[in-house]
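A.B. asks: Protein chains in written order, with the working numbering: chain A, 1 to 335; chain B, 336 to 670; chain C, 671 to 1005; chain D, 1006 to 1340.
Calculated from the structure, these hints are not laboratory results.
Be careful, since some hints might not be right.
Unchecked claim - Negatives, chain C to chain A, calculated, CB over 12 Å:
| id | residue |
| --- | --- |
| 1 | Ser718 |
| 2 | Thr720 |
| 3 | Gly721 |
| 4 | Val779 |
| 5 | Gly951 |
| 6 | Leu956 |
Said to hold, decoys possible - With the Cβ distance kept under 7 Å, some of the chain B side facing chain D (calculated, not the full set):
| id | residue |
| --- | --- |
| 7 | Ser383 |
| 8 | Thr385 |
| 9 | Ala398 |
| 10 | Glu399 |
| 11 | Arg631 |
Since this is a predicted model, take the numbers as computed values, not measurements.
All C-beta atoms in this analysis are idealised placements derived from N, C-alpha and C, irrespective of residue type, glycine included.
Protein chains: 4
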Amino acid sequence: MTRIAILGATGYTALELIKILLRHPEAEIVAVTSRQEGQPHVAMIHPSLTGRLDLRLEDLSPAEVAARAECVFSCLPHGASATVVSVLLDAGARVVDFSADYRLNSSEVYAEWYGRKHADPERLGKVVYGLPELFRKEISGASLVANPGCYPTSAVLALAPLLKAGLIDPRTIIIDSKSGLSGAGRTLKLTTHYPECNESVSAYNVGRHRHTPEIEQVLGTAAGTEVEVVFAPHLVPMDRGILTTTYSQPISSINEEMALQTLRDFYADEPFVRVVDHLPGTKDSLGTNFCDITARVVRGRLLTFSCLDNLIKGASGAAVQNFNLMFGYPETTAL
Amino acid sequence: MTRIAILGATGYTALELIKILLRHPEAEIVAVTSRQEGQPHVAMIHPSLTGRLDLRLEDLSPAEVAARAECVFSCLPHGASATVVSVLLDAGARVVDFSADYRLNSSEVYAEWYGRKHADPERLGKVVYGLPELFRKEISGASLVANPGCYPTSAVLALAPLLKAGLIDPRTIIIDSKSGLSGAGRTLKLTTHYPECNESVSAYNVGRHRHTPEIEQVLGTAAGTEVEVVFAPHLVPMDRGILTTTYSQPISSINEEMALQTLRDFYADEPFVRVVDHLPGTKDSLGTNFCDITARVVRGRLLTFSCLDNLIKGASGAAVQNFNLMFGYPETTAL
Amino acid sequence: MTRIAILGATGYTALELIKILLRHPEAEIVAVTSRQEGQPHVAMIHPSLTGRLDLRLEDLSPAEVAARAECVFSCLPHGASATVVSVLLDAGARVVDFSADYRLNSSEVYAEWYGRKHADPERLGKVVYGLPELFRKEISGASLVANPGCYPTSAVLALAPLLKAGLIDPRTIIIDSKSGLSGAGRTLKLTTHYPECNESVSAYNVGRHRHTPEIEQVLGTAAGTEVEVVFAPHLVPMDRGILTTTYSQPISSINEEMALQTLRDFYADEPFVRVVDHLPGTKDSLGTNFCDITARVVRGRLLTFSCLDNLIKGASGAAVQNFNLMFGYPETTAL
Amino acid sequence: MTRIAILGATGYTALELIKILLRHPEAEIVAVTSRQEGQPHVAMIHPSLTGRLDLRLEDLSPAEVAARAECVFSCLPHGASATVVSVLLDAGARVVDFSADYRLNSSEVYAEWYGRKHADPERLGKVVYGLPELFRKEISGASLVANPGCYPTSAVLALAPLLKAGLIDPRTIIIDSKSGLSGAGRTLKLTTHYPECNESVSAYNVGRHRHTPEIEQVLGTAAGTEVEVVFAPHLVPMDRGILTTTYSQPISSINEEMALQTLRDFYADEPFVRVVDHLPGTKDSLGTNFCDITARVVRGRLLTFSCLDNLIKGASGAAVQNFNLMFGYPETTAL
């Protein structure tokens, strides 16, 4: 049994994390934190937790958190995580960080895309990126894991095997993602105001979405060379799910079966990646930790289609998968 | 041609009003107001108006508005309208008020339900309620019209003819309404945050929704006696539309055909009420000024089902219908 | 470990049942049947099951099913279930029946509402209604359980305690239900064709929905007297969830706290009923086996609001709850 | 006043066409046809037309249609149109054809993509493609106009000016479209069954959608050279709207302002194309005949984003725009 604290527990990734951990036989949630005034019961914020988790939100210091918990899931926003992780680690806790603070290897790239100086720059480059399909070994022994972004997971799982196999030109990659609206979080914005976003599709942050450098870094590792992508995220009117469509130029002639077989071989032993023949819909992976992937060749271009639930495989499911690896539990527990 | 100003033009009723007026051959929009800083172009707030209305939002005094416009549509919130209407009327403008400020006859009832003293109490009881199907004659000559609420229109159009005909007991009326989310307005709230309200149905303000006294007052006028209703509004995940289901006790034995014929007779000459045999869906009236109504008898109880588009027949379409009557244009113009 | 067969496995209740059973440590799915030609793999019909259940759909006789499985979940349509249950029971299998075939006690009432003669009338009146909150003891020893309808569960859980306590008049009950569209099943219909039903709310089968006699029978048992309801179901544009609003006349003066306390007392030890103070939204119980209930008093009338996921507490979750009771597993296993 | 017949009036494009024509001062609908048995009233099929169009569906021969109407809108499916157009034209009617039958210039290409021999091959290559922004002059005098597909309009309006200006390489075009579900029509399919497609995004017909050759042909005309595109259409859970994202390689260095200015210049006098600076959402053009377009440059690649309402600018609005041009009415009438 592992004692767990969740920082920033009012958001949707925290809610989903709690639901997953409630069915984990070896996890005991001992603290949920927030700056909310009055320490409301967690069910006041998340009514779906009524009767399921009897805790109040607390405004705890990192030291207090580390005193109580062996594993800390930080759902704090970018920038905030980097100010608490050191304290947590020094106090002996192990951390899964949902923010982007430890995903990038370079504090310069971080500053460029996140518009702020990194609060803990020495650690960058030494933190494992929490994608078990690529970095399982490093995750197992880690005390700090940078949980991936939802878009990067969908794009990287589709493209990394093809880059590793040398099938596609790393300078020709276009990533067109379609995401449900829970990805935008619980903070009120006009973008996610129902009468604005329902029955509408639009692109946003084209060419400047912060997941871009993260995708390029991880794909670069897979390719063994620099990768540059055009990334255009879109919002579609649904709660959850990401479908990522990629377009790239094969290095030499390729057919669908070769691409599919490369994917199948790469993921043969993976419990949560399903290489499928049909064009997957996000609903196929809704509420699960699966990522479904397929490939097509059209007029000589290679296309991939990958789906996942942004709150599970794209966030909290992945975090529990990492937690399982870090603490030696069977990787699929509770997932 | 009538010169028109719209107060509080950032909301959804104002947007819909503008769209309707843009196809009205006798309406010229000369001013749109808001307290927004910087006087942004109206298309900055409502991108769908790009290229269709070349006006900036202005922060004008009522006197300035009245100097420019012959007809003022006030989309200001409750409380705010009552502070400007006097000035507008004194300056010679005629007004269609979207707020609840002039719908109720009694300042006591207003204070009870709206939690504030009325700013213009002398006028209460003298303002016509802008439902042409019941008060067409009074609207025609009016300088001020209180545009009805969306729920009241759906309930009153279904029930008034049955009460007038003495078919139902005025103390037994239950009103269960289902509304799309645009009715909640453009102000950000958790209630209308997409990931909260999408794929969810819930009731709200049960027994204390502010449309209750308005419904009771207008039905009371129709019935010629006091009417008391149980009103339970619900939010359903869609942009627009209200379906109102009512349940009441017939005074004597009644069958479906009698109820339907009473409705058909009452609305025989009405251009915007359709008495139908089937159970209507809100989509049948989406984007139109129609209200569709039918009736059923179940185990001796009388049920009505009425549908309308809350932003059109429930707000801006009704307002233009009133405007047409007030200014002597054909009632259906632009609708 | 119990060997399980699922009859009629192409529908949504079967799909949900499979997903629940896949996380049940004591359940082994050994057969899934359908009349589909060619015995396709179950993942061809339900892509979300890819990699999770390696079975083909088979067209098996009841005898073949009973030879393989100890517990049979019948997701066959009304009428079809009654033709196979006898054979299954005689062969020693125990059965949870999702259809309405064994819910009613009277073959006359069945014939009236379902428009056909019952195929196994002798058994009617002797089969337990699978609502553990009311009939737990009888379910535990049963070889056949009639799994309740989704609407009845939402209405009965809200009203039965109030009727049992003598708080409401059993002849004044109005039930206004709002349901997501998965309840209509996987068979293609214009009613559930996306462009027809999306962004629309409508009532259907008012006064003649087949769940009416089922509600009346079970509430009658609870009340100890005949109960007559007005039942108006509505379709709302979402996948899952039912919100049921009821209106009834209290027998004597009642306040909200009395009603709530009656509900709280009744469900004090129930794992899946949550009596809440707030007005619940269907999303609170989405994906769970919970039913959330609250009560309000408006103008002397008693109102209840109850929510559940129609595919879980309204169907497959309830079925597994019944299965757990029948086979002596902890009642909440896998739920 | 022009007498109008609509063939195949049970579908969504016909419904939308009727709604537009009902507000056209110079259009009189004299016949609506269908093979439906029993000649139901059009409002039986489309309840939203109740009280608005008092016609029954009729099963008329082309000759009977031509005897009654001066202009025929054919909403018949692909293949069927080509069998009636000759008769209609010979009898003196003028035709706007919604099907793909006259969009392609080559009967070989038609046979390859539509899997059938063309019924009227001689006419191919002589029929004007009904996109007024490119072919206004030819449309004006035409007796037969091939109304464009919804995807092609969204892609062509964004790309044609850039190709004409020689800004992009015609062999590098990727088109990623996201469409609402009304585009799939009124015929029941699992793809558009609400519980299947709601809350899901997926690609379909990748590389083999029939709009591909149409896009290539029209873009080829604009470019003055052969154009080859990768086209991946996606379905998103909403009623209406298409957002098309394109990616292409500029021929020489280009910046956003150059691309935008090229678009602005091209559409300077167009009433229905809005070149905007922001990233448009489909809701901006919902219910209108507008197409909103913008451009971005990301990592040297040129991206365009274009939105329209697939049933209006993508079908029936375009058809009325063509009708206005053909019959000499102001082009924007009723739009």
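A.B. asks: Decide, hint by hint, whether the structure agrees.
C.D. replies: So, going through the hints one by one against the coordinates:
The non-interface label for serine 718 of chain C is inconsistent with chain A: the shortest C-beta to C-beta separation is roughly 5 Å, within 12 Å. Not every C-beta of chain A lies more than 12 Å from that of threonine 720 of chain C, the closest at about 5 Å, which undercuts listing it as non-interface. With a least beta-carbon separation of about 5 Å from chain A, glycine 721 of chain C fails to lie farther than 12 Å from that chain, contradicting its non-interface assignment. In this structure valine 779 of chain C is separated from chain A by more than 12 Å, as the shortest Cβ-Cβ distance comes to about 36 Å.
With a minimum CB-CB distance of about 7 Å to chain A, glycine 951 of chain C fails to clear the 12 Å threshold, and the non-interface call is violated. A beta-carbon of chain A is positioned within 12 Å of the beta-carbon of leucine 956 of chain C; the least distance is around 7 Å. Hint status for serine 383 of chain B: holds, given a least beta-carbon distance of 5 Å to chain D, under 7 Å. A distance limit of 7 Å between C-beta atoms decides the matter here; for threonine 385 of chain B the minimum to chain D is near 5 Å, and the interface restraint holds.
With a least beta-carbon distance of about 35 Å to chain D, the hint placing alanine 398 of chain B at the interface is violated under the 7 Å criterion. The beta carbon of glutamate 399 of chain B is not positioned within 7 Å of any beta carbon in chain D (closest approach about 31 Å), and the interface hint is therefore violated. Look at arginine 631 of chain B: its Cβ only gets to about 17 Å from chain D, farther than 7 Å, so that hint breaks.
The structure does not agree with the numbered hints 1, 2, 3, 5, 6, 9, 10 and 11 stated previously, though it agrees with the rest.
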